[in-house]
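> Below are the chains, spelled out letter by letter.
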Amino acid sequence: MALQYMASPVPDRELKKGSAELMILALLEDRARHGYEIGQLIELRSRGAIRFNVASLYPLLYRLEKRNWIRGRWIEKAGQRRRRYYRLTASGKNVLSKQRAGWREFVEAINLITGIQHA
Amino acid sequence: MPDFKTEIRARLAELQLSPVREAEIVEELSQHLEEEYERALSCGASDDEARRQVLEQLNASDLLGRELKHVEDRISDQPTLLGSERKINLFADLLQDLRYGVRTLAKNPGFTGIAVVALALGIGANSAIFSVVDAVLLRPLPFKNPTQLVMLWENATHLGFPRDTPSPANFLDWQKQAVSFTGMAAMSERSFNLTDVGEPERLEGRRVSANLFELLGVSARLGRTFMPEDDKPGTRVVLLSHSLWQRRFGSDPGVIGRALTLNGESYTVIGVMPPFVQLPGFENRNDQLWVPIAFPAEEAAERGNHFLEVIARLKPGITLKQAQAEMDTIAARLEKQYPTYNTRRGAVVVPLHEQVVGEIRPALLILLGAVAFVLLIACANVANLLLARAAVRQKEIALRLALGASRSRLTRQFLTESVLLALFGAGLGLLLALAGIQVLKTLIPVTIAQVETITIDGRVLIFTAFVALVTGVAFGLVPAIQGSNFNLNDTLKEGGRGSGGGSNGNRIRGLLVIGEVAVSFVLLIGAGLLINSFLHLRNLDPGFRSDHLLTMKVNLSEVKYPDRERRAAFFDEVMRRVSELPGVRSAAVAGNLPLTYNGDSMSISVEGVPDPPPGQQPDVIFRAIGPGYFATMGIPIVRGRDFTDQDNGDSKDVVIISEKTAQQFWPGQDPIGKRLKPGSSTSNSPWREVIGIVKDVRQNDFVASPKRQMYFTYRQLKNIAANALVVRTSIEPMSLAVPVRNAIWSVDKDQTVADIDTMDHIVAEAVARQRFSMLLLGLFAALALLLASIGIYGVMSYSVAQRTREIGIRIALGARRADVLQMTVKQALKLVGVGMMIGLAAAFLLTRVLASLLFGISATDPITFTGISVVLLAVAILASYVPALRATRVDPITALRAQ
Chain A
-2 MALQYMASPV PDRELKKGSA ELMILALLED RARHGYEIGQ LIELRSRGAI RFNVASLYPL
58 LYRLEKRNWI RGRWIEKAGQ RRRRYYRLTA SGKNVLSKQR AGWREFVEAI NLITGIQHA
Chain B
359 MPDFKTEIRA RLAELQLSPV REAEIVEELS QHLEEEYERA LSCGASDDEA RRQVLEQLNA
419 SDLLGRELKH VEDRISDQPT LLGSERKINL FADLLQDLRY GVRTLAKNPG FTGIAVVALA
479 LGIGANSAIF SVVDAVLLRP LPFKNPTQLV MLWENATHLG FPRDTPSPAN FLDWQKQAVS
539 FTGMAAMSER SFNLTDVGEP ERLEGRRVSA NLFELLGVSA RLGRTFMPED DKPGTRVVLL
599 SHSLWQRRFG SDPGVIGRAL TLNGESYTVI GVMPPFVQLP GFENRNDQLW VPIAFPAEEA
659 AERGNHFLEV IARLKPGITL KQAQAEMDTI AARLEKQYPT YNTRRGAVVV PLHEQVVGEI
719 RPALLILLGA VAFVLLIACA NVANLLLARA AVRQKEIALR LALGASRSRL TRQFLTESVL
779 LALFGAGLGL LLALAGIQVL KTLIPVTIAQ VETITIDGRV LIFTAFVALV TGVAFGLVPA
839 IQGSNFNLND TLKEGGRGSG GGSNGNRIRG LLVIGEVAVS FVLLIGAGLL INSFLHLRNL
899 DPGFRSDHLL TMKVNLSEVK YPDRERRAAF FDEVMRRVSE LPGVRSAAVA GNLPLTYNGD
959 SMSISVEGVP DPPPGQQPDV IFRAIGPGYF ATMGIPIVRG RDFTDQDNGD SKDVVIISEK
1019 TAQQFWPGQD PIGKRLKPGS STSNSPWREV IGIVKDVRQN DFVASPKRQM YFTYRQLKNI
1079 AANALVVRTS IEPMSLAVPV RNAIWSVDKD QTVADIDTMD HIVAEAVARQ RFSMLLLGLF
1139 AALALLLASI GIYGVMSYSV AQRTREIGIR IALGARRADV LQMTVKQALK LVGVGMMIGL
1199 AAAFLLTRVL ASLLFGISAT DPITFTGISV VLLAVAILAS YVPALRATRV DPITALRAQ
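Going down the list, the sequences are from chains A and B.
Heads up, the first sequence is in this note's numbering, so the first residue is -2 and it goes up one at a time.
Heads up, the second sequence is in this note's numbering, so the first residue is 359 and it goes up one at a time.
Hints in this document: simulated from the structure, not taken from any laboratory.
Don't take every hint at face value.
Stated by the list, open to error - When the alpha-carbon atoms are kept at most 20 Å apart in a straight line, the in silico EDC-like pairs for lysine to aspartate or glutamate are as follows:
#	chain 1	residue 1	chain 2	residue 2
1	A	Lys63	B	Glu382
2	A	Lys74	B	Glu385
3	B	Lys1107	B	Glu916
4	B	Lys918	B	Glu931
5	B	Lys1184	B	Glu1164
6	A	Lys74	B	Glu382
Since we're looking at a predicted model, the values are computed, not measured.
Okay, chain B solo, but in the shape it has when bound:
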């Protein structure tokens, strides 16, 4: 018998019928042709003749196809019978499932909308945080072989500086003696006043060893980087950052070779660096220009003055441990050689990556964990929705199974639908992430590296797609297995009652709610702890009154103002003009305002007290200020007096100390009139008489408790100039920014004025990292709470709808509405209670990772734990109250009739 089926199928191909319909037609027509064929044979035709006769019918000018085209639909609307006998074709199945999935989702816009939004929130949060983690933690630093790069610090743990900036002499010895490194370079912060290009401007930059850029593997975008011969005192060449070149020089390639006036001296531009070159260092700063470090001879001999940042590249094959061991040996040798300066000073090797991201890493990882939790809750919600829908779709499923669909095929279909949901969620989530990243960039503390490079790139897209697939499978698997695994007989027996997935489905729904509550409880506790800790931080007394204070940096050029007389004259005139401005209460000259600078300390000796052995002299932070500083800042003078204009180079040398300094050096005595001097008692600097005691100020670090401090008047200092202005205002401080700046320029039109800021903002910035973690974790916890309450609401609504009949009977039998209300809420609270217990246990374990981010409270702070429990309980009651109220409105007659 010839194979007519193939012939027929070939003629049907272009019609694109649904496979089931096509099979039917092929079967029917082939039967017909076979009988014709047999009849022809019986009439005496040969095999070939019979076959030709029969096929002629089919061939008549495409008649079949044309005729059928009018009758048959292309792929039909009816659900395809899954698991039918046709061959398994994964790809065709997938396409079919996708099409069917899109249609089913489109038919339930409410369900689809809620699920997609929930997933979008979860996935979007993950993409946004991942983009930050990727840019800051995962992406290699933009240097050649960045894993070989390390930073070298002096270890002065005994002074509270486990990573202290090395001194030049020590650095030069390291450079000479160490063999573990292919190169070692030093950097030192330096600010420049740029004066001859438009408005004078203060630029942050660094002096760097000539080999630095070669060591890092970064070459100039334009011109060249430094060469060894540049690294000599007196060579005045400068490298510009890409952003400075764009901003101040209009990206002019002709800038190479041009002369710039920096700090009153002429420098030649030799190169422009590529964008986003951020040199690592003690703090992540945004350098705008670089000059050779070119140590003058006296600086190169300096061993007690610590201000360098040192970067080195490990030789291939040398491990961190080996390098550390060598540095230990060298440090021990230098300690023996120079006990005065190096007693108890070690050297420490820190991988560059750790140096750059170490501070923010715990916060980011915790946030990544938190968004994963949020996604988990979103998944639980969607799984719940799918379960409820699977219950509604039971008839469809039963029908398909009865028609011979295999369970695996059904599972696949459900999974396709959930992955589809997740993909839609991911699409919307990416849009949310795009918006979120813009917000994140403003929240991330500026000190964190690589912030500019945060973006949705290919890696983030891949991550998002991966997350979408995993979540799609994760939240789809349970309902899919559940949906395809139920007992056909039971469903048919339960008939149209819609008993909703039976008790098994209810159990899973309950478990999901418990999980959601537990996870959100952990997140809420985390957020609660951070918020609480942040409040503690903000309530810390900085030691001054930060409100109504305007501050700015006024760095005097050493060329123009080489001595204290000229500096004093300048500041006196500025003070006079600023004080006359309307809205100004008082103004003062300052040196390095609190929380803006992390250095300047010295050891001191006290008159009449024998010097402690080297390495054990207590360090005291010092600041050079002008008269009226304490009153303007609102720092209370506890005893004695403030500096006056009469404390100058011609009068006796004086000092004002903080309470802590007083307690350290003169415990139980009155320090007023006592004398101290910088360095050892045998040094040739003059004794200074204590004339006042002021309250401790959070000077270098807002979080740590204040260290010992002392203040000099800049009029008595030869080498240290004041560099800032602080103004107490009676009006909004920022509104005086321009008048004050103009007052300064009216004294010297070339004087730079930088970092105009309010003290309130400086204090806020000091806790920016903590605020960043707190805000984001708080946001995610709120999201988790919202999703969890939607979950509770959904499950209780479903449960009430399911129990309508039971509730109707209860009411018919005389149950009061209050009883029904109580019963329903109680049911919800049972789930919430279990969830909270699990969450409580998990929180006790998990919040320990938060400990490093907390301030002033423990990771198991009872107030936070109690407060959060109350909040969660209240939300849970609210979420179950609405469905419960609906339950009380069940009309017994309708309820009974409806079944």
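Next up, chain A with everything else stripped away, as it sits in the complex:
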């Protein structure tokens, strides 16, 4: 069953927020994407385990944009209506690499404690 992201039982709000930010930044690392695509990719890559609600995805995108980590631009492509594409900014890249390292450490620490091993 798909987990409504914001309704996840994980209690720590900051943790969730941080992980969601990390996911978005990571998805934008190699190319610019629009909001629907970001939502789809998260759902797809988590094999349906994590899904973003439109009401939480976009506020998050706007927050990241405001922090100047990502930047959205309206782009028109021939034969399509214009869409807003988000790409990673330089400072976003910086944040991404730091958060990635932080998460890795965090997950490793949890694993050490809980004894969960990767397959």
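Please build the complex by placing chain B on the supplied structure of chain A, with the hints as guidance.
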């Protein structure tokens, strides 16, 4: 496809985002939802299911709104893109423009401050003058149907009185014969000594026909007005004015029915009038009480004695012309019937309003025009500032146009800003007007009606708001059109050079300066003419020395002092005591001091000269005085001698005449020893021998040249008493006011002493109307000059700043600083010169309206015109010199690098 946009918009509403941002979010989110919807359909969901699934996302407990609240600003700071595709909403646009306007103005406090102050001066002056014009000229008189009211005068133009006061017998005939009027009432000035309530006091009042108040439509505030049965000799009832009732009777309602001692006789108070009841008349006076006119039989028969003021109400449907025609007929009939008195005497009907305001109207209208001019100059200044700012804001404008703002929308935005400026200016202006009105009230001659009612009321507020709107549009329109009309390509090409609105903007700025100079030139000429004319007036020789003279009215009660012996005894004793006071050089008894009274003249006949036919006897002003009057007043005796104490009822009757009288009746002869008598040579009054000739005195009117005059000693007059005291002092005259009054009261404690004043002040009051016009027009002209010089300064500063590069190159190429200075000043003078030429032409045309206010100079007085030109030129040079000096300090290297 369901309309997700509406759904999203509904959830964003309470966030109050800026419209542009909201549109973006709606677009982005709706795209997302549409794709979700399509995906759901492709997974086999029905339309409704798909729609429900998609909307569920939005509905999750207001998530969108809550989340966005943390991220999004309410209406954002960034300038809204005008002319974007959203629907036109005039009101929302206006609010947005206002908010944006306030912000932009607040960001430029210097610009805003100067503009608001300039506008406040202009608008404030307009509000203040309008409040006067409104109270005095526009507001209907406080009577019922005031347009039906007229005043009736005798027309004695041949004697120099085109509006002469009617005689009682003539009035009574008019009243009986005329059918054009619903009613006709007479009034006659009368002063009263009020003696039994505290300090004795002299009160101005009038005897009036019983029907007067009913005719005017004014009823009593307390008690009643007069009834026909009051209008009989011997009825002693009195109506009090509101101010007298407040002042002397503490607003006591129990005053009705109370007895007052007036002129030694007991009167019963029957009513109190409402506040501000000013009866119209020959002069606007402030009556304090009224009694019935109640003509005694002998007075009712009096046809040669002219002292009434007559007011009447036209019957509905009767025009002024018809009434005049009827009065002409009646006057012609009376002329035939009573040739001795009425030869060449007509009757004239004057609308009441014209009677009341006629004298001050030209001055007020000219002042209203002058303040409009001042406002025009202020507008030109602000327009100049806005133009300069529009040049600075070119990039902003270009950006907006490029982003799709429509030009009309931009124009609207600029206009909103200028109207906003004007409204701020109006607000500050109203405060200035409030202060100005207080000053104005002290300057307005007291003879002008309705002065007390001048105030900032709803009408003045409406006028001010209207003026603010009109000026806002007027000075904002040119820069707005100019600002929104420029060529986008050129601006982009000129890039950041800030070439300032291009040559077109410079041309408009130049035109505005020319206009300002022209308008201020006209105002300055007007003020110059009035000042010059006023100086002429003040330099007129009144015929006496007005300095160090203390004067006061001492009206004797006819009951207490019924004959000349008792009057003489009283005055002799007063003279003796006053003369002993330290600081008194001399004192004299007088009758109606110069410039305080406008009547008392009679025709005379000369011994040995046949009487001229009726209506052609020359009139001579007469005054009853005591010995020492000429010496005290400083009126030179040209020939003969002054009256002495020996000229009294037992000695031969004598008279002193003025030079003009001497020339009229005894040209080329010595009049001393010759004899004259009042009236025709067959009248039974005694012949009077001329014993002296004195210089002409400006007796009744300061401006007109003196008329023929003669003086009697009051000791030889049975019916005419002296009524004033004049004291020449060696110290400040007013410092003797109390000692002199106490000296009088030590002789008779009930004697009233009124109108204590210096002769200097009386002379100043005689030209109060002229001084009022001169001071105000002078003030406005000075304001105009100041604003115009600020305008010149601003334009030259801007021009120098703009030409920094050019000036730098010139200096680099070897131009001397003096050359640069000269070049810049010359540029300014070119504009000023053109402005002055236009102003000169306009002044020649416009100052003609001033002609009626001028004295002693023509409306095209060359000295004034030359003087004002020099002043304006000097100010213009000064205003352009400072920026020019700045130009010479341009450092060529900096100037070139800066570009």
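> Does each hint hold? Answer for all of them.
Going down the list of hints, with the structure as the test:
no., hint, in the structure
1, Lys63(A) with Glu382(B), "holds (15 Å)"
2, Lys74(A) with Glu385(B), "holds (16 Å)"
3, Lys1107(B) with Glu916(B), "holds (16 Å)"
4, Lys918(B) with Glu931(B), "holds (16 Å)"
5, Lys1184(B) with Glu1164(B), "holds (16 Å)"
6, Lys74(A) with Glu382(B), "holds (18 Å)"
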